[in-house]
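Using the sequences and the hints, build the whole thing.
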Amino acid sequence: VPSLDKYLHAFAQGDYLTFFTNTVVVVGVSIAVALAFALPAAYKLAFFPGRRAGDILFFALSTRFLPGVAVIVPIFLVYSRLGLIDTLHGLVLIHVALSIPLALWLMRRFFAEIPPGVIEAAMLDGASHAQVFWRVVMPLSLPGLATTAFLLVIMAWNEFFFAVNLTGRSAATLPVYMASFFTTEGQTWAQMSAAATLAVLPILVSGWFAARGLVRGLIAGSVK
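Heads up: the sequence shown at position 166 corresponds to 1063 in my numbering, and the numbers run straight through without jumps.
All the pointers check out, no bait thrown in.
Derived SDA-like pairs: lysine to any residue, alpha-carbon spacing no greater than 25 angstroms straight-line: (1) Lys941 / Arg1032; (2) Lys941 / Ala1018; (3) Lys903 / Trp1086; (4) Lys903 / Thr915; (5) Lys941 / Phe956; (6) Lys903 / Asn1055; (7) Lys941 / Arg1006; (8) Lys903 / Ser1077; (9) Lys903 / Leu1098; (10) Lys941 / Ala1027; (11) Lys903 / Leu1101; (12) Lys941 / Ala994; (13) Lys941 / Val1033; (14) Lys941 / Trp1031; (15) Lys941 / Val1015; (16) Lys941 / Leu995; (17) Lys903 / Ile1100; (18) Lys941 / Ala1019; (19) Lys941 / Pro1013; (20) Lys941 / Ser959; (21) Lys941 / Met1035; (22) Lys903 / Val1097; (23) Lys903 / Ala1087; (24) Lys941 / Arg961; (25) Lys941 / Leu1037; (26) Lys903 / Met1089; (27) Lys903 / Thr1080; (28) Lys903 / Ala1076; (29) Lys941 / Val926; (30) Lys941 / Ala929; (31) Lys941 / Ala1043; (32) Lys941 / Pro1012; (33) Lys941 / Leu958; (34) Lys903 / Ser1103; (35) Lys941 / Leu1048; (36) Lys903 / Arg1066.
Derived CB-CB ranges, DEER-like: (37) Phe956 / Ala929: 21 to 31 angstroms; (38) Leu1098 / Ser1067: 17 to 27 angstroms; (39) Ala1009 / Arg978: 40 to 50 angstroms; (40) Phe956 / Val930: 16 to 26 angstroms.
Rather than coming from a laboratory, the hints here were simulated on the basis of the structure. Beta carbons are placed, not taken as given, at the ideal position from N, Cα and C, and that holds for glycine.
This is how it looks when you write it as structure tokens:
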């Protein structure tokens, strides 16, 4: 007989709300900080690129090729000395570092779709760089910003490796919570499936509501 008992068990047994709150805080703060750094840099690289613009973009993208296992030991040692193990702000720093390169690469591409003449016209009218950025570029790039933010949220929401190695009970996120159903007595598959459903549900719901804007952002620039 179909039942919600496993969902109730997964919700109650592992203190789901604590892990969910940790995940929301880490993801929300890290994405906001990452975009705050990446958006101005993407604006500069899209409209006023210097000689090293290509090198900067390549370096930003190349950091995504570095496996986490290659840097976890030095990061763990530094975090241990700074008292950042099992803290939300320590995990936020990791997510910011992981998110900035991808946000920079994607937003630079979305900004590049804006005709340069629009920027030049705004500046001829006396607009400053800050005014051009906030009043011209950002409104025209909202679909791209929504797409980038959503992709970053998915990446941060699902991140497991650094979370499981740098946190304990206090700052653990939902992926770590799901792994807790692997025990020495075996795997509780029913509870783990219910926990996975609860963990992915917020992303599915938010993606469903944002689907139209996400599609516009994903196809931006594909058709001239």
